[in-house]
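Visitor: Please build the complete structure, drawing on both the sequences and the hints.
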Amino acid sequence: MLKNQINEIRDEALQAFKGAASTKELYDLKVKYLGRQGSLPAIMKKMKDVSPEERPLMGQAMNQAKDALETAYLKFEEELKRGELTKRLSEEKLDMTLPGPPSKLGAHHPIEMVFDEIIDIFSRIGYYVRSGPMIETDDHNFGALNIPPEHPARDMQDTFYIDEEHSLRPHTSPIQIRTLRSEKPPFYVLGPGGVFRCDSDVSHSPMFHQIEGLVVDKKVSMADLKGTLSYFASEFFGKSIKTRFRPSFFPFTEPSAEVDCSCPLCNGKGCRMCGHTGWVEIGGCGLVHPNVLSASDLDNSEWQGFAFGMGIERMAIIKYGISDIRLFYENDNRFLEQFRR
Amino acid sequence: MKVSLNWLSEYVDWKSKFESPSDLADALTKSGLEVDEVLDRSKDYDNVVLGHILEYGKHPDADRLTLCQVTTGSGVVHQIVCGATNHKEGDHVVVALPGAVLPGNFKIKKSKIRGVESSGMLCSEKELGVSEESEGILILPESVTVGQSFSEYAGLDDVILDVNVTSNRADCLSHYGLAREIAAISGLEYSLPIKTFSTSASSTKKEVGLFVKSAEQCPRFAGRYISNVKIGPSPTWLKKYLEAVEINSINNVVDITNFVMLELGQPLHAYDVRELSGRKVIVDLAEGGEVFTTLDGTELKLDGSELMIRDADKPIGLAGIVGGKNSGIKDDTTDVFLESAYFKPEQVRRTSRKFGIETDACYRFSRGTDPDGVLLALNRASELIAEFAGGELYDDHYDIYPNHIRKSAVTVDVKDVTERLGFEATNDKFESWMKGIGCEVEVSVSQAGSFLITPPTFRQDLSIKEDFIEEYARLEGYDKIPDSEPFIAHKAVPHDVNYILKRQTQNSMRALGYSQAINFAFLDEKTQAQILGDVELLNKVGLKTSAEPVKIINPLSEELGVMRTSLVPGLLKNVSHNSRHGLSFGKLFEIGPTFSKDSEGYKEEWRLGLSAWGKQSNIWSKSDGPLVLEVKSHLENLLTNFNYTSFMWKGNVLFPEFLHPGQSAALFLEGKNIGYIGTLHPKLNEDLKIRETAVLAELNLDLFFKGQPRLRRTKTFSKFPFVDRDLALVVDKEISSGEIESAISKAGGSLLQEIHVFDVFEGGNIEPGMRSIAFRLVYQDTDGTLTDEVVNALQEKIIAAVAKKFGAQVR
Chain D
1 MLKNQINEIR DEALQAFKGA ASTKELYDLK VKYLGRQGSL PAIMKKMKDV SPEERPLMGQ
61 AMNQAKDALE TAYLKFEEEL KRGELTKRLS EEKLDMTLPG PPSKLGAHHP IEMVFDEIID
121 IFSRIGYYVR SGPMIETDDH NFGALNIPPE HPARDMQDTF YIDEEHSLRP HTSPIQIRTL
181 RSEKPPFYVL GPGGVFRCDS DVSHSPMFHQ IEGLVVDKKV SMADLKGTLS YFASEFFGKS
241 IKTRFRPSFF PFTEPSAEVD CSCPLCNGKG CRMCGHTGWV EIGGCGLVHP NVLSASDLDN
301 SEWQGFAFGM GIERMAIIKY GISDIRLFYE NDNRFLEQFR R
Chain S
342 MKVSLNWLSE YVDWKSKFES PSDLADALTK SGLEVDEVLD RSKDYDNVVL GHILEYGKHP
402 DADRLTLCQV TTGSGVVHQI VCGATNHKEG DHVVVALPGA VLPGNFKIKK SKIRGVESSG
462 MLCSEKELGV SEESEGILIL PESVTVGQSF SEYAGLDDVI LDVNVTSNRA DCLSHYGLAR
522 EIAAISGLEY SLPIKTFSTS ASSTKKEVGL FVKSAEQCPR FAGRYISNVK IGPSPTWLKK
582 YLEAVEINSI NNVVDITNFV MLELGQPLHA YDVRELSGRK VIVDLAEGGE VFTTLDGTEL
642 KLDGSELMIR DADKPIGLAG IVGGKNSGIK DDTTDVFLES AYFKPEQVRR TSRKFGIETD
702 ACYRFSRGTD PDGVLLALNR ASELIAEFAG GELYDDHYDI YPNHIRKSAV TVDVKDVTER
762 LGFEATNDKF ESWMKGIGCE VEVSVSQAGS FLITPPTFRQ DLSIKEDFIE EYARLEGYDK
822 IPDSEPFIAH KAVPHDVNYI LKRQTQNSMR ALGYSQAINF AFLDEKTQAQ ILGDVELLNK
882 VGLKTSAEPV KIINPLSEEL GVMRTSLVPG LLKNVSHNSR HGLSFGKLFE IGPTFSKDSE
942 GYKEEWRLGL SAWGKQSNIW SKSDGPLVLE VKSHLENLLT NFNYTSFMWK GNVLFPEFLH
1002 PGQSAALFLE GKNIGYIGTL HPKLNEDLKI RETAVLAELN LDLFFKGQPR LRRTKTFSKF
1062 PFVDRDLALV VDKEISSGEI ESAISKAGGS LLQEIHVFDV FEGGNIEPGM RSIAFRLVYQ
1122 DTDGTLTDEV VNALQEKIIA AVAKKFGAQV R
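Chains as they are written, first to last, in my numbering: chain D, 1 to 341; chain S, 342 to 1152.
Treat the hints with care, as some may be off.
[As the list claims (entries may be wrong)] Okay, the calculated bits of chain S under chain D, using three or more residues with CB under 8 angstroms as the criterion: (1) 362 to 374; (2) 809 to 823; (3) 837 to 849; (4) 860 to 873; (5) 919 to 927; (6) 930 to 940.
[Said to hold, decoys possible] A few chain S residues facing chain D, derived, Cβ under 10 angstroms: (7) 507; (8) 694; (9) 704; (10) 707; (11) 805; (12) 830; (13) 831; (14) 833; (15) 856; (16) 896; (17) 943.
[Unchecked claim] On the chain S side, residues computed to face chain D include the following (Cβ under 8 angstroms): (18) 828; (19) 829; (20) 832; (21) 834; (22) 853; (23) 891; (24) 893; (25) 897; (26) 959; (27) 962.
These aren't lab readings, by the way, just hints derived from the structure by calculation. Remember, predicted model here, so these are calculated numbers, not experimental data. Positions of the beta carbon are idealized from the N, C-alpha and C atoms, including for glycine.
Guide: Put into structure tokens, the structure is as follows:
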């Protein structure tokens, strides 16, 4: 009798499971029949009326019914789930060409990008960055660099003066002096930074950027200097780049040289960038003048050095083909956006 | 310096060594005298040639025009219509053929004039640019070669080099000096075509008294009296040379002094003897307070440091710089006193800089002329004046030179040359190069490969061993320097820590979407003051700013007159620029120094500045938060990147005037105010024409970087489950969410791991003046699973705390 009831409920439940339209409905049916308050457990309450002999049989029937329902449930659930997933996937179809919520990395400034690259190239061979103020003393800007007052070389840097003793540094060389005077040799110093000269036209900006390199060691030659700058140029512009030196004059170096490298744009064949010469000037260099060493209390019979300096804007112009020096200081996003790494 | 190659050829036969002017230019550049430009003047007269009129007739349709058949040699005949009337059949003329471009950019083309074809033009002197005025076309003598180019015929085929003479090479600031240099680098001979001249029996010294009272500033002074000079125009060759190097011809005597300066590098001065009061020339320092009027009428107030040329009672020349208005050569000058001197370079330079006067003379004197060349120049000019101005040269010239200037000898060991250059230098080559540049060379007897070198007086730049090492490299060619391996440091030294920190900051800012800006460190004083307003308010938020900006004595313009005291004016300029160009949103950051001055001196405070403006349109989220809070969260990210956990924003302080007072906050980092954030004040949006809402922030990086980099210690985190609870509180609108958050944090203790605001609500059933702030609180214990009882107790404690402190009600 009770067994029949159990089987009836089982069949009814199986029928209902079959008709379930969603996993939710199926689950609700499972609760209805198998849950704590479900119809099948409700029958268990009637077990007390069953004779002790029949009880095991009843128990068995109950378990069989439960198992059957559980199995059926799992089967129907899986079917329904599959269907629901398919439906969901089709409903969730996105127009993948729509823009996402805005998200943008900031861009580099080309000046900073060039600084980073140059510093990284020299860091690899052990050179390290030092810095100094932009308002400098006359001694750091000139005197200690072998440019005494009334020296014609002062014309080379048309300097902005702050007062009789101070000016805006016209080159990054005072960073050398600060380092020479505060640390012990040997030196492998890089001095990056902003510099200032009273000059403004298509190719000159009154503020621009330089990086200075200084090596002071026991024995240093022009060949060492050239090797170092050749290494730099080929790392910075590309392996095929050649480097050449031309004689020049700087008060703080002797011998002095201008450094050219083969034009990276035309590979030395001649183009507008290099004025059809195949070479572009990238900076000045030379062996440190003995007066510069002695002005910073280094014994110039014991120590020798080389130094080099490069204009950052110029390097950026050569490397990225920037047409107008004013672009560096407008900070126009259309310009900056192009410098990413 | 402009150099005429025709002129240069007088001293050195450069053509025998160099195939073309550009070859010569390359050689000069390679040896250290950079040639900026090679200007072939003959190109000015391309397609302008000498012709011969074969037939002459009238134009069929115009009475005033002539029709000529003109040959330019080799049987070529051109039909040319001409408006002039002074020519006839058989005349030799200058013909500009189609393709020629005459002075004034007058382009010659084939054309039809009143129906008759004309292929060229017969030229007048004026059209050729060889004279100011001319009548009719230029008729040449019969002896000319038909077909010859006009430039060659007229000697206008000069090539001009623009040589960039470095400031150490004053010896190359003349044609002869350059010839000497070319000889040294190429091995050519060079010479000066000095003619002999004769002097009369009269004595210079009897006519004019010369007294050098400042031998220190004027080591050498020579002079000669020349009488019966006839001032007039210079001969053509002289004019042509001067014009070639862009010097105006004035008169024969002045032109000759200029010519000799450009030939030998020695500036000269000629005085009209009539104006020499007391017939005296005195070289002495100025008297303080005196006034001197220069040739061009400028009045200079002298302070006594200037070296003057004077007569018996007044100054007549600023030594080595400029002559006086009172003693120059005039049209009726007959007797002159010619000066050739060596002045101390420093003296000339100091004075010229002080008065801001630059002349060709002081340019050379201040770089150092050749003391040994003084007399040569005097004689050269004398000779030319006698020949071309008819002067009578007096005997018995002055040459006051009490202490002869000698360059001291330097010992150079060729081993050192090899070592410093990095390639093999030989004794023979060293000796011959040094002799080639005019040095006296003595071979050391005691040490092989060692030389005692005495440089010539004209090479002021040679004084130490390194100078001769450079000369050797220069003359051998810098190409000889080999590429060694890069010079690698053999000592490990760290970068400047601030450099690392700045670079980290840049990386963080870029990752947060900000592009890097770089602005000038100087700007317009007024603009800065207008934007910043009361700078005391910047000081109050932790940015050291002096009321008076640091000024530049000699700015390029007013607009770049003072050093910046804040990054804001520059960043706002960038925002305005971008906004005006249709970029309606963006984010920029700048890292750089700001400048101030106090009793200890100039201060440079490094700052980080941010500007953000506008919002990018977004199809996904219609309710974007306020931009200022977005930027604030970016800054918090930056702080977190630097491992800072203890910071707070404070809203109720006095903010700089360029900020919106209700949308600003001061940043306190570990208790110290290091900067601010805020929305740009709307009135500035209007002033600067920025349409979009803009946000600014500025931090003192010196304080921000203090104690960085910090030691990082990884914290362990709990393995036990967390419990989260929401807590919505109704509080007075004026109470900031930050304050409530700190109170909750304090009451929640160590089990309260996280607090964040997830909703803010006003209106509806919330009483006016109040708002609801909903916090999500996350609890977690490191030692076990939290029970409801513990969490509930903490919630109760928090609710009691905020009720007591802020009167907050649970919603």
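Visitor: Can you name, in rising order, the numbers of the hints this structure does not satisfy?
Guide: none
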